[in-house]
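Undergrad: Listed here are the chains, written in short residue letters.
4 protein chains.
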Amino acid sequence: MAAIAAADRADHGYDGDAWSARLDDAFSALFETPVQALWIASGTAANSIALACLCPAYGGVIAHEEAHIVVDECGAPGFFTHGATLMPLPGVGAKLTPDAVRDRLKAIRPDVHQVPARAISITNATEYGLVYTPQEVAALGDVAKAHGLGLHMDGARFANAVAHLGCAPADVTWRAGVDALTFGCVKNGGMIGEALLFFGPQARDRAAEARRWRKRSGHLFSKGRYLAAQLLAMIEDDLWLRNANAANAAAQILAKEAGNRLMHPVEANELFVRLTAEEAATLRAQGFGFHDWGHGAARLVTNWSQDEATVAPLAAALARL
Amino acid sequence: MAAIAAADRADHGYDGDAWSARLDDAFSALFETPVQALWIASGTAANSIALACLCPAYGGVIAHEEAHIVVDECGAPGFFTHGATLMPLPGVGAKLTPDAVRDRLKAIRPDVHQVPARAISITNATEYGLVYTPQEVAALGDVAKAHGLGLHMDGARFANAVAHLGCAPADVTWRAGVDALTFGCVKNGGMIGEALLFFGPQARDRAAEARRWRKRSGHLFSKGRYLAAQLLAMIEDDLWLRNANAANAAAQILAKEAGNRLMHPVEANELFVRLTAEEAATLRAQGFGFHDWGHGAARLVTNWSQDEATVAPLAAALARL
Amino acid sequence: MAAIAAADRADHGYDGDAWSARLDDAFSALFETPVQALWIASGTAANSIALACLCPAYGGVIAHEEAHIVVDECGAPGFFTHGATLMPLPGVGAKLTPDAVRDRLKAIRPDVHQVPARAISITNATEYGLVYTPQEVAALGDVAKAHGLGLHMDGARFANAVAHLGCAPADVTWRAGVDALTFGCVKNGGMIGEALLFFGPQARDRAAEARRWRKRSGHLFSKGRYLAAQLLAMIEDDLWLRNANAANAAAQILAKEAGNRLMHPVEANELFVRLTAEEAATLRAQGFGFHDWGHGAARLVTNWSQDEATVAPLAAALARL
Amino acid sequence: MAAIAAADRADHGYDGDAWSARLDDAFSALFETPVQALWIASGTAANSIALACLCPAYGGVIAHEEAHIVVDECGAPGFFTHGATLMPLPGVGAKLTPDAVRDRLKAIRPDVHQVPARAISITNATEYGLVYTPQEVAALGDVAKAHGLGLHMDGARFANAVAHLGCAPADVTWRAGVDALTFGCVKNGGMIGEALLFFGPQARDRAAEARRWRKRSGHLFSKGRYLAAQLLAMIEDDLWLRNANAANAAAQILAKEAGNRLMHPVEANELFVRLTAEEAATLRAQGFGFHDWGHGAARLVTNWSQDEATVAPLAAALARL
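Protein chains in written order, with the numbering used here: chain A, 5 to 325; chain B, 5 to 325; chain C, 5 to 325; chain D, 5 to 325.
Calculated from the structure, these hints are not laboratory results. For clarity, every value in this text was computed on a predicted model and none was experimentally measured. Check before you lean on any hint, since a few could be wrong.
Because identical chains cannot be distinguished in the list, a pair is counted as satisfied if it fits within a single copy or across any two copies.
[Claimed, not checked] Here are the computed lysine to any residue pairs in the SDA-like style, where the Cα-Cα straight-line distance is at most 20 Å: (1) Lys260 to Val305; (2) Lys99 to Val305; (3) Lys110 to His299; (4) Lys227 to Val190; (5) Lys227 to Ser309; (6) Lys260 to Gly298; (7) Lys149 to Asp21; (8) Lys227 to Phe294; (9) Lys99 to Ala142; (10) Lys110 to Glu69.
In isolation and in its complexed conformation, chain A is listed as follows (with noise of 0.2 Å):
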């Protein structure tokens, strides 16, 4: 709110402000690597374009099941990329693992009748709230270079995955492999607005292209500045991985009284917890919000606000049913 304030002032429009201009710097230190960096208003959006900086309309792309670019975006991806495929697989914790990307490509026959795959997208933290490790990206991504597919990980909630691996942000990114990542912030305390990131060498042609993509698809908003202040405050005083630390905090706290409710280990800030409908009904009752997740089960989601004392109430009723 701050840094929005303190942005709301003239200045040049679209992305040729202060904000926007300092925002490849900014990430460039934070991942050790020149970086190009876009301010995007939605992870929707930000995936999207990302795609189709990687993948040509008559391409494939490889995705969990899952995944959210698969469920729950409207076919985005496919709007983006003007009809590209996607691939999906199944794998636990809404995990892609390198075998099963492996035997998915053998099955392409390379010809014209067939999608080839051109791209790898991975969410990290997963749907399930798991993490990747740096082995686990590492892995995808020597698979992804053997057939010259590009990496993309949707990193709606990477703060909360940096933050359980403890590891520098480089090393579960491009030292991996990713050649795209989503940066979350709007799930992380942000407003509005995520940053999409290009490494490596392709960077500057594919972050080029991205920004076609972004005034085409009427995201190059006329005071981006607004955006940008938010991603600089987000990182330029580790706010971000404040932030989601507090947020995996409060869901250790959680999952210590779910016990073997618990259907995913808890890695992020994501419980998936089975509750009957009763149980359901009577944490509503005390007040407390939260997803069904199919029969049986609810999605808990925890975040940057929340600590020990805010969230005891619920770790409270939790250990009561």
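Since the structure of chain A is provided, determine the placement of chains B, C and D on it from the hints.
TA: Showing chains B, C and D alone in chain A's frame:
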């Protein structure tokens, strides 16, 4: 060939010629209902244009996971529909079942985040040579109607299906709820050109739109009479059924010899046969051509020009194995 | 800013919040008719989504050759409509005339080879700061209705147009045949977010489709309440008109001094002024910012925050030239 | 016809047959340079696929405002390029001039708000039957190269142009900077099928991409040998030039009689002739067919099958007017 030669004289261009003008009436007679009929050069284009008329870009098309539109058209449906989502389902013999479709529909949340299904596409005969009966199609037609979905039939081997069923073409199409049919011609002896047919009260509007897509995709040939003439020659004296009957009969002869090597019942003109690599090599050494079908299997296709005499050598070779 | 700060508390995500829920009613009251209203982050996106709802991919959109959608949106309408054709027309002051539109329509053959016009898009106030009167819009609305075309108004400066006209917003929109309006907010003091409004019997269907496009293009932000709150703050106590009146009044003060340097009458908040390179340099040396407009001219834009005092220095500088 | 009949026997499907395999070599010989050649069913598709290989969706294609791709293809280039922008220019006889192209390029700001030109498309012979000389093409080729644009030639009447020029096909194409050529066959006596040719160092990559588009747009026919056989029959013994010479000669005979009714010089096989409504009716009453060309004019097209004897009646009728 004779039909093409007969069409080899000047007439109005595109679809303004005398042959094209007769298509609606000829197909209406064959299907016992007013039909809108367009010649379209390839099955890929006919299928994709049909889907573009049934499904918006933000919609989804339910199809079998081994359907030609899913596997072998390089994403053509995504191109013509501007990025609609294929929703592949498993099913024995490449057939969709009403239950599988209903389950898939139930899993889609009715919000803007998820792609809404808008059409179902089935292949008759299927990619494994099985034939949907009128009752089976009608059961899917009921699901489609109940959920406001369009129903498309890829009839690349429609003639073989009807020859097997011995029913009226109407019984397995519009009477069973089919809105659009790709009426195959090339696999049944034609040179270039299939027919795209629309049935029912929206036929006229959809055909008008299909004519736009045909032009816009470069499929409105200036000498379309050559395509129309082939289609008329096929249907005006039941050549299409005679050809299909011949191909089916030839397949039955082979099926008898293939015995329990068969992986699927033989209903149309395709046989999927278990063959070791040595057996396949043996057959090929004798001059027989066929596709490998993964490991340890082969796909044999008979055609309209074959009869007992011409398939006898292969039948004998199969018996010898 | 206050509105945004007020929205800075948790609520349902996307457009499920209390602010978004009030948009339809608030705009319906302002326009004296049932209105479907969506917040959309940028004018480019709002214009393009409007056109995607009015024009199929194989259709055309008649617009002025200097319209923003033609010149300055990197082909965004082509992206959202999947390749619809812009049909640019000349016209004094960036205004379309009914005669020019009729002539263009007459030149289109009604066959599948030519792109059929399906929509008209006008900008009010125009790119040269001129204002279409209700009568002028109605004349275009009549042409649109007679030919079955949708009518879209790009109202990036709609507030300035209404402030100039002194009419009801309804008079210059739906009463004059407008089907969809981009209601500008950012150029009138907002931070991020315009409104896309649909009028008339098809409003509900078009808005439903627009919601799909908004999601699919990555414009359905998870914290949409910040946009909705801005729009409500603008219209619920006539702030939008007060801002526009201020900007228009400031422009009039400058217009008086610009005298016969003016290239167009000043009706809204833009002045197009003949300036030699030396004169432009002189003004810039005094700290005034503006866009060059080709050779020997400049574009000056006043805004909501200006009054007699704040523009006095520039007025004086113009007088001194 | 003979070529088609000769192709009427089984071979590998799609473009795996013996005829298709010879295309590259045959066209390479004709053009005295390594050429990548694809058969494509229609000129609309060949033009559009060429442009899709030369221009990204966010780019623009400079073309004459009366070019076939602008006027008569129902927006097909927009479909295949996913919404690239056609940039129409005026020009005498439907010819582009280097100056006009340079002026257009100069008017484009190099920012993301404006669509960058990425290709030039010219038609030879033009829509008014005029022929670009090698020098004229080379002048445009120089502009293209200087600005990093691809150069496409729509050669629906390429044979007529070359017949008129008497030059090597190479002189007016790749030696003059042309990257992609639609080599017309149908207007020159073929049944279905044109050739799309790529020249130069990027030919291989562009052709690979074009093969994807051909499949994805439903233009990879399963019996492609019929198209390849026609193309080979056309070029392997100079039939294409003999046909074009015949058509051009017939046009000259008519041109002599048309005298100062001619609106454009007659260089290929089209005549644009001033005719009153009565004169047109008189000719039609005598059995002659032609297109009206706006008010008071007609377009006469001669073809490969005509000679002095067959055009004599029309020549006489023109003389009598």
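Undergrad: Now look at each hint and say whether the structure bears it out.
TA: Going down the list of hints, with the structure as the test:
{"no.": "1", "hint": "Lys260 to Val305", "result": "within (15 Å within a copy, 60 Å between copies)"}
{"no.": "2", "hint": "Lys99 to Val305", "result": "within (19 Å within a copy, 41 Å between copies)"}
{"no.": "3", "hint": "Lys110 to His299", "result": "between (36 Å within a copy, 13 Å between copies)"}
{"no.": "4", "hint": "Lys227 to Val190", "result": "both (18 Å within a copy, 8 Å between copies)"}
{"no.": "5", "hint": "Lys227 to Ser309", "result": "between (27 Å within a copy, 16 Å between copies)"}
{"no.": "6", "hint": "Lys260 to Gly298", "result": "neither (23 Å within a copy, 49 Å between copies)"}
{"no.": "7", "hint": "Lys149 to Asp21", "result": "neither (36 Å within a copy, 34 Å between copies)"}
{"no.": "8", "hint": "Lys227 to Phe294", "result": "between (34 Å within a copy, 17 Å between copies)"}
{"no.": "9", "hint": "Lys99 to Ala142", "result": "within (14 Å within a copy, 40 Å between copies)"}
{"no.": "10", "hint": "Lys110 to Glu69", "result": "both (18 Å within a copy, 17 Å between copies)"}
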